[in-house]
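Listed here are the chains, written in short residue letters.
Protein chains: 4
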Amino acid sequence: MTLNCQEVLDEIHREIQPLIGRGTIPDYIPPLAKVSGKKFGMALQTTDGQSCEIGDAAERFSIQSISKLFSLTLAFRLVGTSLWKRVGREPSGTPFNSLVQLEYERGIPRNPFINAGALVITDIILEHVDDPQKTYLSFLQQITGIPSVKISKTVYQAEIKSGHRNRALANLLKDFGNLRHNVEDVLSFYFFQCAVMMNCTELAMASLFLANNGEAPVAGEVVSQRHAKRINAVMLTCGTYDAAGDFAYRVGLPGKSGVGGGIVAVVPGRMSLCVWSPALNSAGNSYAGTKALELFTTKTRLSVF
Amino acid sequence: MTLNCQEVLDEIHREIQPLIGRGTIPDYIPPLAKVSGKKFGMALQTTDGQSCEIGDAAERFSIQSISKLFSLTLAFRLVGTSLWKRVGREPSGTPFNSLVQLEYERGIPRNPFINAGALVITDIILEHVDDPQKTYLSFLQQITGIPSVKISKTVYQAEIKSGHRNRALANLLKDFGNLRHNVEDVLSFYFFQCAVMMNCTELAMASLFLANNGEAPVAGEVVSQRHAKRINAVMLTCGTYDAAGDFAYRVGLPGKSGVGGGIVAVVPGRMSLCVWSPALNSAGNSYAGTKALELFTTKTRLSVF
Amino acid sequence: MTLNCQEVLDEIHREIQPLIGRGTIPDYIPPLAKVSGKKFGMALQTTDGQSCEIGDAAERFSIQSISKLFSLTLAFRLVGTSLWKRVGREPSGTPFNSLVQLEYERGIPRNPFINAGALVITDIILEHVDDPQKTYLSFLQQITGIPSVKISKTVYQAEIKSGHRNRALANLLKDFGNLRHNVEDVLSFYFFQCAVMMNCTELAMASLFLANNGEAPVAGEVVSQRHAKRINAVMLTCGTYDAAGDFAYRVGLPGKSGVGGGIVAVVPGRMSLCVWSPALNSAGNSYAGTKALELFTTKTRLSVF
Amino acid sequence: MTLNCQEVLDEIHREIQPLIGRGTIPDYIPPLAKVSGKKFGMALQTTDGQSCEIGDAAERFSIQSISKLFSLTLAFRLVGTSLWKRVGREPSGTPFNSLVQLEYERGIPRNPFINAGALVITDIILEHVDDPQKTYLSFLQQITGIPSVKISKTVYQAEIKSGHRNRALANLLKDFGNLRHNVEDVLSFYFFQCAVMMNCTELAMASLFLANNGEAPVAGEVVSQRHAKRINAVMLTCGTYDAAGDFAYRVGLPGKSGVGGGIVAVVPGRMSLCVWSPALNSAGNSYAGTKALELFTTKTRLSVF
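Protein sequence lines, in the order shown, are assigned to chains P, B, L and Z. In case it helps, our numbering puts the first sequence at residues 1 to 305. In case it helps, our numbering puts the second sequence at residues 1 to 305. In case it helps, our numbering puts the third sequence at residues 1 to 305. In case it helps, our numbering puts the fourth sequence at residues 1 to 305.
For the record, the hints were derived by calculation from the structure and aren't laboratory data. Since we're looking at a predicted model, the values are computed, not measured. Any given hint might turn out to be false.
Stated by the list, open to error - With a cut-off of at most 30 Å between alpha-carbon atoms, the simulated DSSO-like pairs for lysine-lysine come out as follows:
1. B:161 / L:161
2. Z:299 / Z:161
3. L:85 / Z:299
4. B:85 / L:161
5. L:299 / L:161
6. L:150 / L:39
7. Z:39 / P:161
8. P:134 / P:34
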């Protein structure tokens, strides 16, 4: 099936209009609260080189937890599957920032896509690179081919200031012996990752390797084919907080969302997508974004199921 | 890619030998404890009519929780998506028979594949059919084309006798108002479903509609294409208890397991599989069976990811 | 200090008037829902033979969980401290009928005054007496000296019919191996205990042994002095569900409440009291009853603290 | 009954010998791990001026959580019962440093004697005094009459360094809005309190006001009679972590323990006691200390029950 991707995105753009702005803009990170709920963008990159976009696809936003996808990839490159000694790969069944499960399970986070898991991944990266912030940005610049990718210092500062819950998680991990670095160093690098600014087109490009057997168009092999599939599997079961089951049911693609309103999704072998709209549903995923992806797989039948 | 399925199964059969028997035979249902841990069978049905099998693929075993897949399908046929009012579709993050989550979430089970969820599905079926046991067996006979499919009365009686945990779950559901029928009627029909005896070939045939846009080869449309995809999605995120993430990571296919040692898996658009080996890993899924499916997707690259 | 007990009760009766009826009549056991919320009675028995009462102290009501006090006493007589092998003596920190803690703590109930604990106590009694219902009533008749003490068959039937949560608890206990008798036999005897009808004067008399070194005025030694103190200790830390801390803080006496609106309290060495008023506070204890006991210890300074 | 207190203590000293050293010395605060497990001391102060001591009663140790008793008293003096808006007074049913309950109950700690509760009490004190460390020490010096009471800087530094769990609790409280001061300021003052060094005689003297209607022998009224009773009530239901029920059952007195091996206990109207022995039972209370107090109430029948 050849897909006229621009036509599909245009159709979605028309149909999604009434839903844009539904949901809530999170207010616990002040700079995020200032973004207009009316924004909506979507971009798509195919493995054979097509690329389409609509709406605000060129406007950068705070990638927030989508960064967990790139951190996991980086950690895979650095230490391979040994990372699973310190973090699980099961859905959590609880909100992304809960401490309950972490205490019951004695400091082993359920998966790398909840905050506790990403803190452990961050600790792993810190152990293996000299200049972690630079390494992280270079990696994103490489896989997107866009040298201007950078963080928002305003968001970074705001996260450091308001991150009591993440600070509680990090201290609990430390107490259980599952952080090797200083708590504040881990948090600081974690918040740095969350504060990266990218747009839909850049994020679709950055995740194309996951649809392409591990290879990025410009940068070459990011991870092996096997690892790319595995990252997709973890995304599908754990990528959208405690709405992973619903996302699989409605959208049917591996995806990773962030509270900045972005969602990245992958059609294995075919393409990567990114949608952005800041107002969130009750599970913390973009309301219009989730709906747009649902429209996409309904129209194209590209669900993995 | 054309697949010589018999060759693949034969290869798996050779490689899996050292692992057969690893794990534990569950002892809480006495008739199940008597089955030899040395059994191993595997069968495969493609949507274009091929069929292959190895080992003990023709020996019937207790399908146990694999029945939850057929119960959910039946309920979908009877009431459609309205069933989601009474049961969720999120991974549970807890063992299959836990009461903790059910109490916290006030009687709405996490998904139809944990025991509490299957009890609610059972209650829904009871509401819409006159002779539930007959309906259930007829349905299985239809989609397999095998009129001799039936239950083991020994297993059925043993489950009724030992099912204290399920009785606790059913009473808690009743207390929360999420069972409409008498607790013992629901349990009795639930245990009936678990006590069905089928072999790998029959189970692969019975689940082929999930790989075939909802259509069974002989019986015609079982559910719509859309519903078939959705059942696959729920299987992938919730089908193997609290090891769903690991199963997705290793195998990469929607699958549903039972404590009888069987696992059904689906390659959307291509084929359905069933593997059986009674000794279970710590998550309650067949040890050799899970490994055999992992070998299968590694060899064939047929993971959905 | 000599106490003019009638004067004190009369004063309380006057002051409590505006509070009678505040709170909620529980509706899950239909016969209890029919009792008027305007009822209020209080009775007191001293170890030196005084006895006073006010209001509806002579009207019998459903003793409900106050029966747990007498069941624990009976079990102490039958098996002594060996009962602590099967039930703990720590406050639960959760509602009286929660299954969560019981599952986490693998079938050992926190204490004999939550429902799960009382079911284990019931199982222990069943093991040691031939005609448990008769034994139970005889025991109450003996320690009160009132041969007419009996159950309400209407309440008994209603409990059997609506007791899904207790049935869930009993099945979970059975699953963990902490019930030796048939689940329905245990439940039936448990509901029998809850269905006993007594009035404030009878209940004050029935618990006088706890204030009197284990001796009942007519019946003689009920338990040893040491055991009487220990039962008082368990009452103080566990007797009023998850409001035990608040009850100790406000009232300062060992006490045991029931959802029928009764509360028994003990002033060690001095006297026993019973208050009754059917409308309950949010923790399931009589609203006016708790306040009346608080007034009592404020006026008399008889708190144990 | 006149009590020859020295005789009683001497008897206990003889009988307790075989138990001294049983249990475990906690190792998570290095300076505490260096104290000899063979230490045992006990002291008693009566409201009519008697005072007795045995063993190592004059050797100072780290009072640790016993400080929570004095912090609660200080907070009562500063803000009265309004402190209950920010902390409960129910037993927790979970270990002293658990985050689970705190998350479920949205940042309101169960009681002032678990770590989370004491952090809130610490925050309250910080709000009302200018020089909190000085105020705290002055208060202890006043109620003991011993001007040399001070902290161990070694313990203080060690706590600051190793307190990841407490840091997690404090950040979670901050996240829920139940800390008004800077997290590190609250922790620093909290660790200061834990690091106070006192001996048995000093601690018995310091808690005598709780047995004496709120009045300290030298310092006069510490709190009102009513508040003294209430503090005793909270101690009895919550003072010994999740062994409060067992402590009430065995000892039958309001008591507060610390991981330094000390336990303070109160006989209302009569006397205060302190026992010290560093090796702890599995609930974190001094093994020999608990036994010694049990012997004391068995011998003297001074249990409140």
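Against the structure, the hints:
The suggested pairing of residue 161 of chain B with residue 161 of chain L holds, with an alpha-carbon distance near 22 Å, which does not exceed 30 Å. Of the pairs offered as hints, the one joining residue 299 of chain Z and residue 161 of chain Z is violated, with about 43 Å between alpha carbons and a cut-off of 30 Å exceeded. Between residue 85 of chain L and residue 299 of chain Z, the direct Cα distance comes to roughly 26 Å. Compliance with the 30 Å bound is thereby established for this hinted pair. As the CA atoms of residue 85 of chain B and residue 161 of chain L are separated by approximately 26 Å, the hinted pair is consistent with the 30 Å bound.
Of the pairs offered as hints, the one joining residue 299 of chain L and residue 161 of chain L is violated, with about 43 Å between alpha carbons and a cut-off of 30 Å exceeded. Distance hint between residue 150 of chain L and residue 39 of chain L is fulfilled; the C-alpha atoms sit about 21 Å from each other, no more than 30 Å. Taking the CA atoms of residue 39 of chain Z and residue 161 of chain P, the gap is about 46 Å. The hint is violated against a cut of 30 Å. Taking the CA atoms of residue 134 of chain P and residue 34 of chain P, the gap is near 28 Å; set against the 30 Å cutoff, the hint holds.
Violation of the numbered hints given earlier is confined to hints 2, 5 and 7; the remaining hints are satisfied by the structure.
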